[in-house]
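Chains W and S, in that order, are what the protein sequence lines are. Residue numbers 1 to 86, in this note's numbering, belong to the letters of the first sequence in order. Residue numbers 87 to 449, in this note's numbering, belong to the letters of the second sequence in order.
A few of these clues could be false.
As the list claims (entries may be wrong) - Sample of chain W residues lacking proximity to chain S, with all beta carbon distances greater than 12 Å (derived):
{"hint": "1", "residue": "12"}
{"hint": "2", "residue": "16"}
{"hint": "3", "residue": "35"}
{"hint": "4", "residue": "45"}
{"hint": "5", "residue": "47"}
{"hint": "6", "residue": "60"}
{"hint": "7", "residue": "61"}
{"hint": "8", "residue": "64"}
{"hint": "9", "residue": "76"}
{"hint": "10", "residue": "81"}
Said to hold, decoys possible - Dumping the calculated DSS-like pairs for lysine-lysine here, alpha-carbon to alpha-carbon at most 25 Å:
{"hint": "11", "chain 1": "S", "residue 1": "327", "chain 2": "S", "residue 2": "234"}
{"hint": "12", "chain 1": "S", "residue 1": "327", "chain 2": "S", "residue 2": "235"}
{"hint": "13", "chain 1": "W", "residue 1": "30", "chain 2": "S", "residue 2": "309"}
{"hint": "14", "chain 1": "W", "residue 1": "30", "chain 2": "S", "residue 2": "327"}
{"hint": "15", "chain 1": "W", "residue 1": "30", "chain 2": "S", "residue 2": "235"}
{"hint": "16", "chain 1": "S", "residue 1": "234", "chain 2": "S", "residue 2": "309"}
None of these hints come from the bench; they were simulated from the model. In this text the structure is predicted, and so the values were computed from the model without any measurement. Glycine is no exception: its CB is placed at the ideal position from the N, C-alpha and C atoms.
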Amino acid sequence: MDINSIPRLASGCRLHPTEGVLLIPEGTLKLTGPSRDILTLVDGSHSIAAIADDLLRQYPEADADEVRRDVLGLLQRMEQRGVVRE
Amino acid sequence: MTEAIASPSLASPFSLIAEVTHRCPLHCLYCSNPIELQRAQDELSTEDWKRIFAQAASLGILHLHLTGGEPLARKDLPELISSARESGLYVNMITSGVGLTEERLATLAEAGLEHLQLSFQDIDEESANHIAGARAHAIKLALVPVLKKFSLAFTINLVVHRMNLDRLEAFIALAEALDPDRLEIAHVQYYGWALKNRSLLMPTEEQVHRSLPIVEAAKQRLKGRIHVEAVFPDYFGSFPKACVGGWGRQMMLVNPVGDVLPCHSAAVIPDLRFDNVREHDLAWIWRSSAAFERFRGDTWMSETCLACPRKERDFGGCRCQAFMLTGDADAIDPVCTYSPHHGLLQTLRIPATDILPIWRDQA
Numbered sequence: 001m002d003i004n005s006i007p008r009l010a011s012g013c014r015l016h017p018t019e020g021v022l023l024i025p026e027g028t029l030k031l032t033g034p035s036r037d038i039l040t041l042v043d044g045s046h047s048i049a050a051i052a053d054d055l056l057r058q059y060p061e062a063d064a065d066e067v068r069r070d071v072l073g074l075l076q077r078m079e080q081r082g083v084v085r086e
Numbered sequence: 087m088t089e090a091i092a093s094p095s096l097a098s099p100f101s102l103i104a105e106v107t108h109r110c111p112l113h114c115l116y117c118s119n120p121i122e123l124q125r126a127q128d129e130l131s132t133e134d135w136k137r138i139f140a141q142a143a144s145l146g147i148l149h150l151h152l153t154g155g156e157p158l159a160r161k162d163l164p165e166l167i168s169s170a171r172e173s174g175l176y177v178n179m180i181t182s183g184v185g186l187t188e189e190r191l192a193t194l195a196e197a198g199l200e201h202l203q204l205s206f207q208d209i210d211e212e213s214a215n216h217i218a219g220a221r222a223h224a225i226k227l228a229l230v231p232v233l234k235k236f237s238l239a240f241t242i243n244l245v246v247h248r249m250n251l252d253r254l255e256a257f258i259a260l261a262e263a264l265d266p267d268r269l270e271i272a273h274v275q276y277y278g279w280a281l282k283n284r285s286l287l288m289p290t291e292e293q294v295h296r297s298l299p300i301v302e303a304a305k306q307r308l309k310g311r312i313h314v315e316a317v318f319p320d321y322f323g324s325f326p327k328a329c330v331g332g333w334g335r336q337m338m339l340v341n342p343v344g345d346v347l348p349c350h351s352a353a354v355i356p357d358l359r360f361d362n363v364r365e366h367d368l369a370w371i372w373r374s375s376a377a378f379e380r381f382r383g384d385t386w387m388s389e390t391c392l393a394c395p396r397k398e399r400d401f402g403g404c405r406c407q408a409f410m411l412t413g414d415a416d417a418i419d420p421v422c423t424y425s426p427h428h429g430l431l432q433t434l435r436i437p438a439t440d441i442l443p444i445w446r447d448q449a
């Protein structure tokens, strides 16, 4: 998975409609900070770069490279956990 | 106005286990269901279950686990699934797969089923069918490519014990070839029928220790592809497990006739009285049912447990196990090295040499 990958949520994983949690098989992942905004765009149509750009529009004062690195890092960790796929 | 009996700080449970029926085409000799199974004619109605799901969601429960018995034995399963989804629950089903055609699976997926769990009993058909007490192995294998056509999370459970633990590497390879999203490697839990067959099923200490690096290697090898979870048998540990995340802390189980239990096997404890969903709603039961209150917190604990910092982690271990092994439900879980009964487990771990009878549900 790299900055140009287009991630999607794995089968059987979805955002809770109101709470800040990702519902996954046999559990939940608590979403802190901007991770809920990120996962809202993990829909099989946005690239990781596009997700980072969207986040930068919401937080214009943030460092662009850092945001890209953080978004990629988060999604790679979630891919390792099997809840996000390319 | 009546006052709430339980502490107002009581957190919501996470999950609801719905044993929608005890009917099952399999008769697994490790089944943890109670020996006294509930009869079909006494089962809760569709409307009862719909009401329970709505109550569960408003209580804050997130996950629903449809199990049994075999949930497919219920004709109203699609309706149960769609009502649970409408209430906002995440819907998981634990099934043997027997009777699950592509057409039927399509109706369940359309109703909103999100996760399906299928267990395997062994690597070869003859042994797997013997353990399951039914010709189910080939049916399960044939079901997997059908499952792949649907966007469901798919978990394979490998149930391990003395009869198959030596083949664990090949067993994991079988699961890997079936390419699930998740793989659970679970030792038999010694309740219900499994407890009756304990001498047949209890692995040797050597088997357990040989299996640990195999599980660890599989976790590493499959990382990012198949999420592996393993349940270590607590009979071989020195400290108890946090059974069901602590009594009355995380989950509620509704059995086929509507009794609400704090865990699968709580009915073995003789002085517990369970409240029923026909008389109370789940929120009341969660807060006030005497069965849930019985081992909440630490007031019931022995001096040894009260003084032990581990009580915050294991919540006093498993009450059913304490009762089944010592006859006293308040006793220290004998898995704990500080239990005066800890020596019992050493005896139970010695494999029996006699030819043993096999006990199973004959329904």
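Violations among the numbered hints, reported as their numbers in ascending order: Going through the list in order, the structure violates hints 1, 2, 9, 10, 11, 12 and 15 and respects the others.
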